[in-house]
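Enquirer: Listed here are the chains, written in short residue letters.
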Amino acid sequence: MIEFLQIALDGLTTGVVFAALALAISVIFQGTGMLNLAQGEMAVLAAYVAYTALLAGWPAWLAIPFAIVVSALIGALLYFGVVRWVDRRNQTALTTLGVTLLLGINAVVSMIWGTDPRNFPNPFGSWVLQFGGLRLTSQQVGGLILVAAVMGAMALLFTRTTFGLRLRAVAQNQHSAALLGLNAGIWLAAGWAAASAVGTVAGVVAAPSLGLSPAMMTVPLLMGLAATNLGGITSRIGVVVGGLLIGLLTAIGGRYVPGLGGDLNVLLAFTVVIAVVFFKPAGLFGRESTVRA
Amino acid sequence: MTTILHWLPRIATGVAIVIAVSIPFLVTDYDLFAMSRVLAVALGVISLNLLMGFSGQISLGQGAIFGIGGYASMLVIRHLEWPVALALVAAVVVCAIVGAIIGLPGVRLGGFNLGLLTIVIAALFPIVLYRLPDFTGGQAGITLSGGGLFSPTGALTDAQWIYLVLLVVLLLSILGVRNLVSRRIGRALAAVRANPILAASVGVETDRLKLALFVISSAVAGLGGALYALVLGLVVPESYPLVFSITLLVASVVGGNRSWWGAIIGAVVIVYLPTWFSEAVPGDTSAYLAQLVFAVVLGACIIIAPSGAAGLIGRGYRALARTATRDIPSTREETQ
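Top line first, the protein sequences correspond to chains A and B.
End of the first sequence sits at 293 in my numbering; the numbers just go up one at a time, nothing left out.
End of the second sequence sits at 1336 in my numbering; the numbers just go up one at a time, nothing left out.
There may be inaccurate statements among the hints.
To be verified - Taking CB as the label site, the calculated pair distances span: (1) Arg160(A) <-> Ser1201(B): 43 to 49 Å; (2) Leu1080(B) <-> Ala155(A): 30 to 36 Å; (3) Thr162(A) <-> Arg1184(B): 55 to 61 Å; (4) Thr1028(B) <-> Val69(A): 53 to 59 Å; (5) Ile274(A) <-> Asp1031(B): 45 to 51 Å; (6) Tyr1130(B) <-> Phe278(A): 52 to 58 Å; (7) Thr1275(B) <-> Gly152(A): 47 to 53 Å; (8) Asp1031(B) <-> Phe278(A): 50 to 56 Å; (9) Ala1100(B) <-> Trp85(A): 33 to 39 Å.
What the hints assert, rightly or not - Far from chain A, by Cβ distances over 12 Å, these chain B residues were calculated: (10) Phe1025; (11) Asp1029; (12) Gly1111; (13) Arg1131; (14) Thr1143; (15) Ala1155; (16) Asp1158; (17) Leu1164; (18) Leu1167; (19) Leu1171; (20) Val1204; (21) Leu1209; (22) Ser1245; (23) Asn1257; (24) Val1297; (25) Ala1321.
What the hints contain is simulated information worked out from the structure, not anything from laboratory work.
Just so it is clear, CB atoms sit at the ideal spot from N, CA and C, and this is done for glycine as well.
Given the sequences, and given the hints that come with them, work out the whole structure.
Expert: Here's what the structure looks like:
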């Protein structure tokens, strides 16, 4: 029983990374209608920025916010430079653009930092929390707190500020927002920046356990995508719950289902997603949408 | 003038085929090896064109299907000692079945979710290969002693024979898919692309059509993959990472995903560009430089030239044709 609880706990703490990626994907999808397949690669880039700052002797409390800011700028830049020019109704073009960004960012990261995995210094020290036979490492606790803080900040931003209100207005209906005098381009870029900031946290939290390398986030990205489908991509709370569920599920499945484990857990995640989507196409929390012909 | 412009594309095609056939007797066996790879990859790109250009479906996992074709052919040659021709058939059949399995849920999902489904397959394929070492040879893969195809006559070297076989298969495949999309099924596809609801209302069975295209496309990709494996004489998991699937997409979009010649242009680009870069730039950086160039070119194509290189050439040619025919009073209407 203790073993099961420990695995469940580990699964949940892995799940926060998926949840953060899924949240980033959801924010971008709602804003620009693009399934950002490059989200994982953007998180890798941000993790490398944090890594470089840490190596230069910066303290973690400075290096991580620095990476978040750099990454947000890159996100806004990508929107202005590339994404804005593609017709948002053309799903094939947008999906292709997603993998284009993936390919490009992967190339840039590999050229600058090389492909050998590096040890990402744990920004939260190295202590272990023990209670009732269960244990949590400093990395897990720190990651949990960091992701929860960023998600809390995002929730406040989206629901309690004018900034968030405008973001949501543009995401929901660009034409109406334009009539109200909102410049859609700037607000969508802000959405990309916010998403990149959340993605950065996913990268920084995942890097110490996965080992920093350009391919580090491929599997977490797939898990994040599974989470958006499971929770419903239109719901920000849904995708976070989806991420935690995927983390829990794959940890338990990987341990108790023979033949699974490691990267193959992606298979399990998507099997569950397909089963859920079969009964509830918009995901657990998503809203059904109707299309007018 | 009109007649010349009318015949020019056909003449160009004829000249291109004559050049393609005479190449093996003009260049070294080493160069032929790279060109054979181009021909095999071109089949993979054609399969993607069929899917993206003609049925409006995306696949981010075509590289995995290509790899499955390669593994299928190598496995039956290595373990069951099937002849090469039969191994190609096996690869085509296996990939058609895989295509049907992916396509059944895939065509219903469409759009983003199809992209998602196929990218998962592309990402999982190498992982599964590593996980089943007894079957796939794990990291070492499967090798054939001294390549898969041998010249049956003394008049041709192995390299020349391989190239010519691939050229014939490629041309026959182009002829086949061209026929396919220019007939009834092609017009039905055009209707589905333009407006799926309209197409359904005039009696086109949209889902069945898309599924059929998915299966045929997978079969073509499998054929290309099997030939590619035979050219190299080996299959290893690291030949088929996610990036390879994306690179095929680059070739399809950059060449022009509604042109068969564009597919060959695309294949030339993705096979030769990394080689050129590795000669020009020392070290590991070159491969990633090529990858970055692919990304930039692909991005530019999506935004500026959605019909790719072939589309640009076609547009330029038609503009030329218009200027040339303007002076002549009675001209045939451009139907393209």
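Enquirer: Would you mind marking each hint as holding or not holding in the structure?
Expert: Evaluated hints:
no.: 1; hint: Arg160(A) <-> Ser1201(B): 43 to 49 Å; verdict: holds (48 Å)
no.: 2; hint: Leu1080(B) <-> Ala155(A): 30 to 36 Å; verdict: violated (59 Å)
no.: 3; hint: Thr162(A) <-> Arg1184(B): 55 to 61 Å; verdict: holds (57 Å)
no.: 4; hint: Thr1028(B) <-> Val69(A): 53 to 59 Å; verdict: holds (54 Å)
no.: 5; hint: Ile274(A) <-> Asp1031(B): 45 to 51 Å; verdict: holds (47 Å)
no.: 6; hint: Tyr1130(B) <-> Phe278(A): 52 to 58 Å; verdict: violated (30 Å)
no.: 7; hint: Thr1275(B) <-> Gly152(A): 47 to 53 Å; verdict: holds (51 Å)
no.: 8; hint: Asp1031(B) <-> Phe278(A): 50 to 56 Å; verdict: holds (52 Å)
no.: 9; hint: Ala1100(B) <-> Trp85(A): 33 to 39 Å; verdict: holds (37 Å)
no.: 10; hint: Phe1025; verdict: holds (38 Å)
no.: 11; hint: Asp1029; verdict: holds (32 Å)
no.: 12; hint: Gly1111; verdict: violated (4 Å)
no.: 13; hint: Arg1131; verdict: violated (6 Å)
no.: 14; hint: Thr1143; verdict: holds (25 Å)
no.: 15; hint: Ala1155; verdict: holds (44 Å)
no.: 16; hint: Asp1158; verdict: holds (35 Å)
no.: 17; hint: Leu1164; verdict: holds (34 Å)
no.: 18; hint: Leu1167; verdict: holds (30 Å)
no.: 19; hint: Leu1171; verdict: holds (28 Å)
no.: 20; hint: Val1204; verdict: holds (15 Å)
no.: 21; hint: Leu1209; verdict: holds (17 Å)
no.: 22; hint: Ser1245; verdict: violated (9 Å)
no.: 23; hint: Asn1257; verdict: violated (10 Å)
no.: 24; hint: Val1297; verdict: violated (9 Å)
no.: 25; hint: Ala1321; verdict: holds (28 Å)
The structure shown violates the earlier hints numbered 2, 6, 12, 13, 22, 23 and 24.
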